[in-house]
Amino acid sequence: LTKVSAYRIEGIVHQFSPAVWSNDAAQDYTLHFVVEFDQPIKRLGGWLNKRVQYGDVLAAKDVQEAGLFAEFDAQQTPVVQVRSGISLVSLANARQNLETELTKPFGWRFDAVRQHQRQTWNALFSRVKITTTNRLEKVRFYHALYRSICSRNTWSDTNGEWRGTDGQVRQLARPDDVALGCDAFWNTFWNLNQVWNLVLPEWSNRWVNSQLALYDAYGWLAKGPAGMNYVPVMVAEHEIPQLVAAYQMGIRDFDAQKVLAAAVKMQTTPAQKVFNGFAGNRDLVAYEQYQYVPADKGRFSNSMEYSFDDWTVGQLAKALGQQDIYTKFNARGAWWQHTLDSTGFSHLKLSNGRWT
374 LTKVSAYRIE
384 GIVHQFSPAV
394 WSNDAAQDYT
404 LHFVVEFDQP
414 IKRLGGWLNK
424 RVQYGDVLAA
434 KDVQEAGLFA
444 EFDAQQTPVV
454 QVRSGISLVS
464 LANARQNLET
474 ELTKPFGWRF
484 DAVRQHQRQT
494 WNALFSRVKI
504 TTTNRLEKVR
514 FYHALYRSIC
524 SRNTWSDTNG
534 EWRGTDGQVR
544 QLARPDDVAL
554 GCDAFWNTFW
564 NLNQVWNLVL
574 PEWSNRWVNS
584 QLALYDAYGW
594 LAKGPAGMNY
604 VPVMVAEHEI
614 PQLVAAYQMG
624 IRDFDAQKVL
634 AAAVKMQTTP
644 AQKVFNGFAG
654 NRDLVAYEQY
664 QYVPADKGRF
674 SNSMEYSFDD
684 WTVGQLAKAL
694 GQQDIYTKFN
704 ARGAWWQHTL
714 DSTGFSHLKL
724 SNGRWT
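Using my numbering, the first residue of the sequence shown is number 374, and each one after it goes up by one.
Certain hints may be false.
Capping the alpha-carbon separation at 27 angstroms, the derived lysine-lysine pairs in DSS-like fashion look like this [said to hold, decoys possible]:
| no. | residue 1 | residue 2 |
| --- | --- | --- |
| 1 | K691 | K631 |
| 2 | K631 | K670 |
| 3 | K646 | K670 |
| 4 | K376 | K434 |
| 5 | K670 | K691 |
| 6 | K638 | K670 |
| 7 | K434 | K415 |
| 8 | K477 | K376 |
| 9 | K701 | K638 |
| 10 | K376 | K415 |
| 11 | K670 | K701 |
| 12 | K434 | K423 |
| 13 | K691 | K701 |
| 14 | K646 | K691 |
| 15 | K423 | K477 |
Keep in mind the hints are simulated off the structure, nothing from the lab.
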């Protein structure tokens, strides 16, 4: 970290977390940051493993605890404003992000930033209106809508660059594209897919193109694109229903044939390591052999998870006129029925066909 002027500090921080998510992925990021103040820094310092130090250049390696503080003349300027820009790509991009998103449009006008945020969120909220005299119902509804919208992250910079799981810097195809990440698509087909498609169709479209950017770069879609890595944090490939639902609801500013090809690949190719991550369905081999996942061969519940995703692949194939693919995956979409015993309930079953 370096104090480059009386008003500005710049730095990088490297985070590495090995063997996360069943030892199949490593979180490896270098965050570049730029921080500016509207008042001059009187003194810069930090702490490292409970030891305080001062200086215009601070560095540490393999630390357990570390932090930074800046001192100002609080008697002369009791209010200090701060603005920052970050990038996973470079310091230059962090500077550009700060300049593009804050400095040029707003300068140091805090109220202008606040008003812009209010207008942005109110414009989104106004897409859905509820009628009630109960204020608390409105608070609950729009709070839930807010959480539904802001639960994902942008990992690309204002110039369209993003850093992939192999560490290489890549460029998004179109100015409106963004690289989007999240912890995973945890059964979003029950609720969030519909909310995004109905309320935020432009962001659903960006989600599809973000997934296709990963597919173009590495040959796989991502169930858990945290940090644009392949994080096996959940089962199945429930990004597929999200992509298919977007197409079904008329959101189609993307290559639908490529989406279908990618979905077929995910549902028919055994899982494997992809650089620092892990992509694909772990129990696919057993699933295709038995038409369910035997409890002694893998995670039995994946029988239903995989079958549902298969069915959505079939629905996209049908919409695109790919009859052979539709026939195959529509049949696989019924394999979940192999988990039902004579009572009509799902019951653990072994590879020899016996119920546990």
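Practice task
Mind listing which of the numbered hints don't hold for this structure, in increasing order?
Solution key: 2, 5, 14, 15
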